[in-house]
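Trainee: Relying on the hints, combine the two individually framed chains into one complex.
Here's the letter readout for the chains.
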Amino acid sequence: MVNSKATHEKKFISRSAEKESTQCPSLLSRRQFVKAGVAGVGGIVIPSLSAPAFAAGRGGTLKVALTADPISFDPHLTGNLQGRGAAQSIHDTLFGIDNKGNLSPMLVDRWEQPDNKTYLLHLRSGVKFHDGTDFDADAVVYNINRIRNPETGSIRSGEIKALDRIEAVDRLTVKMTLKYPFAAFLFPFTDVSGCIGSPAAFEKYGKERANLNPVGTGPFKFAGYSQDTETVLERNGNYWDAGKPYVDRLILRPIPTGSTRLIELQTGGVDLSEGLPLQNIAALRTQPDIVVSERVGFRWEYIGFNAKEKFPGSNARFRQAFQWAIDREALHHVAYFGTGAVGYSGILPSHPFHESAYKPFTYNKDMAGKLLDESGLGSAEITAYLRPEPVKQRAAQLVQAMAADVGVKINLEQLDYASHRAKLRSGELPMDMHGWWGYRPDPDQYLSVLLGSDGSYAKRHGYNNPKMDDLFRKQRAETDRDKRRALFRRITDLMNEDAIYVPWHYSSDFKGLSPRVKGFHHAADAIIEYKHISLG
Amino acid sequence: MAGALIVGLLLLVALLAPVLSPYPPDAINYRHLLSPPSTEHLLGTDDLGRDILSRLLYGAQLSLSAGISAVILSVLVGVPVGLVAGYAGGMTDELVMRVFDSIIALPPLVLALTISAVLGPGLVNATIAIAIVAVPTYARLIRGQVLSIKNNDYILAARSVGVSSRAVLFRHILPNVISPIIVQAALGVGFAIILESSLSFIGLGAQPPTSTWGSMVQTSFQYLELAPWFVIAPSVAIFVAVLGANLLGEGLRNFLDPNQKKAAQKT
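Heads up: the protein sequence lines correspond to chains A and B, in order.
So for the first sequence, my numbering puts the first residue at 19; every next one is plus one.
So for the second sequence, my numbering puts the first residue at 64; every next one is plus one.
Looking at chain B on its own, in the form it has when it is part of the complex (with noise of 0.2 Å):
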């Protein structure tokens, strides 16, 4: 599984930044503004003359928590919101869904600017405007399964035994339709991760010194045609990033989704 290799392995990359890391990310080194990559400097240096992978360890440590924390934010809302909706239905149904339709209808880059606008710059703030906007799709994937199973007769059977309702949703029910939320949480990093990027770089994400991903793109963005490796680092992170997020959905959904296993093993 390519994409577990490649998460896994980022996620190893993050966690040993402090022991990976050359130099310290915010040591400022006038003397070196921009220079290209050397034995000294492996990916050279930014505007403030800081080693650009020590900034890339470091900008990995807080991309992939943003991205993964957003997402973690999101099912922990969405899942709930979503099992109960399904379960219960009618009215409670009817107004949960309308309101997520409403917040799925806007675009989420722009749902997510107004969002962390409001709330105020900074990598917090900008992680929960992300998981607000990713909240409606779990909520709506389990919504779906719920009711295609609420109606199974082992549901049924558990109900007219008596019972509780929490029990019969979390006992019953979530077992069997968590396998989607997964491989969608999976897919999800990736969009966290883009999207966070894409708020820093308008600059409501990450404030400096700190850097992440995004925020590097955005300082480097200006010395394009000067200093092209200062660009190139932190995009091809957050390519390989989103790749790995997307290649671990995918194997995860083959591996969980029971037809497509029975495919496979027929093939």
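Excised from the complex, chain A in its bound form (with noise of 0.2 Å):
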């Protein structure tokens, strides 16, 4: 199989050589795309999925604007969204995720699971790190206690926390054992979490260095970093995955601004761009010379309220007038521009267990207005403080001016981001609009931590339900698709009868492209995958 998808590759390169030679290359790419079979896709191509079915030509560099720096590139350590996008194009996953949000293979060949507690991952042979020492299951069970050690100061090790035990069986293949049943206990291997790196590069650099000096497996290899100007990646020549990446070098830039990024999209400064400004969507999909990918259900919004006791949304019904007091449709329109979706629960329209047909509340001043009446509180009054986010800044003035409609009081309060993060981390928000940033594989992975009552985000918000921990232990132990899908639709139920989170909005993921870049693929993560990519 590995043979017959190598020559394949080849076929491509030699269509991509025959293709440089040319003065017109967009006229050809596209005459290319009827040879290989792929018709009706129109000049511009937002390629579906796993193995690109066009021509992909060698070679080249991509330059890529992001939101922000990565700031570390040690998979274990990293945070943020750029963070994890650049280590995982330096690191291989054990696990890749499919476009209807299965597991499928990456460094993990197949697995198996003998009983509901015991996992045993087969891993590829003859794939090496780009220090040339060997990837094999001593190296997994390096990286994995790595996380799991106090001392590395991992954020990952919360996801991983059911896990009991970790052991190499043989060269190729590793046995892990946990503490209790976990149906979604495979998904963060997805992410950092499963990004291998060389354990010998890791004793090399410590701890400390480690961040700067990233050694794995993966499509590229790290070649230079400036931090907040520039990263830079180069191809691995000896890649597992023959013929890929397609690209020599990949240039990443922070860089801030939205209206920026846009203009370096638009000059040619850059191939690919993060996070386009949503007031531009609409008029930037009428542009030819630039391709608006749009990945639906990569973030969801709600309006979170603090249950502790001396706060307002200590009573049920005033979170629940909540429900009916906002306008969705018009929050979606102003927040959002009328992109992404109006959304009534936490489980992201990008996964299977999402129920588009549920939506349980409507716009009701009537009904927000029976329910303020039954919360006692008389003309309620509530503090809600902003980041100086553009689309929260909007939403928050509107839902303030719904709650008046309805007799509550909402005062808004501008902070910088370190003092909001510091104010929610001490649970001293009485109301805010933070929303859950980002999409993951299983709801589990999120919806624990914000309704689970050991959730660092249920603590904040004084939140603890019984019924709800009881929902979570039976969804963790369930393996059938279906009955997990019934029990995350009444753990939903019980999330919007409680109201500490009023869901209203899913957003999209937006990424510009120039018509030259192919084999795009747009994740729910939005995290970008360098290694499918060509340049035309």
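Since the hints were derived computationally from the structure, they do not count as laboratory data.
Do not rely on the hints blindly, as some may be mistaken.
What the hints assert, rightly or not - Just the calculated beta-carbon pair ranges, DEER-fashion:
#1 Val303(B) with Gly396(A): 52 to 60 Å
#2 Asp320(B) with Thr85(A): 54 to 62 Å
#3 Ala436(A) with Ile166(B): 21 to 29 Å
#4 Asp307(A) with Val303(B): 35 to 43 Å
#5 Pro99(B) with Thr285(A): 24 to 32 Å
#6 Phe233(B) with Gly387(A): 58 to 66 Å
#7 Arg443(A) with Phe233(B): 52 to 60 Å
#8 Ile281(A) with Ile166(B): 39 to 47 Å
As the list claims (entries may be wrong) - Looking from chain B toward chain A, a few residues come up when the C-beta cut is under 8 Å (computed):
#9 Pro85
#10 Asp89
#11 Leu96
#12 Leu182
#13 Gly266
#14 Gln270
#15 Pro271
#16 Pro272
#17 Gln285
#18 Leu289
Claimed, not checked - The following residues of chain B were derived to be distant from chain A, with all beta-carbon distances above 12 Å:
#19 Ile69
#20 Ser84
#21 Ser165
#22 Asn215
#23 Ser223
#24 Phe233
#25 Leu237
#26 Asn239
#27 Ser278
#28 Val299
#29 Arg316
All C-beta atoms, glycine included, are put in the ideal place defined by N, C-alpha and C.
Mentor: As structure tokens, then:
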């Protein structure tokens, strides 16, 4: 199978050579599509998924505008989306994820589950780290134990806390034993928790210097970094997935201002840009020289309440009133300029558990007024702190106006990011417009943080419901997908009833591409898989 | 006097904002987001579909009153302190002036930013911060004036007949040194408006949905290429107000300065 794939790739390479000799690459690449049998896609191509079904040319430098600096390349210590993205192009993950949200092979070739607390992972053979050492079961055990070691201080240790023991059975087999059955256990290994770095390099550089000396098995090697300016990654010529990656070099440039990123894309300073400004999306879609790629269901927005006694949010009726008091449609238009979708749950539309028909609330001021009457709070007043984020500022002002309509006064106060985070972490936000940032392959990965009584967000919001904890225990032990789906529906219902989080929107992730960029696949978690990308 | 005319007109517009505004400043209309100027909305609408003209007029009330009250506050503190320091001399003078020197050593915006960050965001706190930053200017100015006249014969005469220090300060010295303060105050209003706008631009000034010119610039900035009218309107307002305050200050200087008046008469 591997062999046939290799010849397949070779064919692509010869095609691209043919293409490079021409004066008019865009036309020819279009012709190539027809040749390659991809009909009906049109001039603008947002290629779908996994293996690109068109001629992928080799070579070139892909320049990318990021919204923030990756800061650290140590997969177990990096924090933001950009750091995760860069770490994943240097280190392969144990598992991939397919378009349906299922696990797919990566460094793990195949896997089995002898019982509901044991996993056997059979690793891909012949894989080498960038420093020439072999990738094997010992390396996997070393990496997972590095995450679990409190001295490492990895924020990822929480997501694999169900793991009891990990051992190397033989050179290419790893056995993991859990403390309790957990259906979503393997999903974190599709992200940085599953990134395997060279144990020799981790030993050599230590915790302090590993962040700028990453050594993985991935498609790209770390070649240079200048903080807040650029990160340079170079092609790994010995990559196990033969033929990939296609580009010789990746340059990642952090550009915090949305309009500046857009100008860079329009003028050819970058070939690919993260986070297009939402207000420009509609206009950009009509422009031929920029491809707008949208992935629905990247994050969800909620209005959060604090249930601690001193805050008005301790009153359940008061919180429930907001389910009816907000006009989600209006919020969708104002805060998101009509991009993304109105939302009523924490299960994102890109997830198989999502129910698109689930709409338990409407915009109903009478209903909100009735609940507020029942709350007995009279004319309530609450303070909401705001981060300097345009989306939240628009949303908050609209929510403020809608709440005023039903007799609740919201005082808005702007805070910088650091103070906002400090207030959130100390559990001192009476009301927030926080929302959940970023897609995770399994909803347990974030809903347990928000709703489980031991979850950090639940604690910050003063939320603790034994019925909710019970539902979480049940869905974790459940291996049947349909039954888990049903349990998540019950979790959603209870979440909406308790209304600590009032959901209102699913937002899309937008990326802008130059038409030169081929093979781009817009992943649900917004992380770019550079190894599939080639330049036309 | 163009300055007086501009400032007077702005004050009038601010006072009449409730009458002149075609819409309530906080009325959200999400069907008309960022719409360009039209007969319905003379200056267009903002990102929440609110009428920019109405927000500009109501913003004038806050921006101007923040600027003016900051100046009044700093004059009320700075003038007495400067008077006393200059008149008393010695250790008192040294102490007060070294404190003010250290305040002046810091860039005004950085200092105002620090103070309002400590006090917490809000228009009142921003005004206080601006006032604190401006106090040394007035205190030093008046101290210099006091030093230059405190040994004049009429002061010495008053003191020698036993007039109390307070009466000497406020009845004999103050009226003779106040004119540069008036000029400085007029110029200071322009400076205060810019500082308030800067603080609001950073988010430390007026909190949403309240609009000041500075916070309007902050919001509109991100739509620069999409809705230029949104950023132009408050920016022009700030420009005109500051220009007016400066012209007024210069006009007052010409009017109050006896040397310049004589010079003007000669030519």
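Trainee: Hint by hint, where does the structure go against what was stated? Just the numbers, ascending.
Mentor: Numbers 1, 9, 12 and 27 - these are the hints that the structure violates, sorted from lowest upward.
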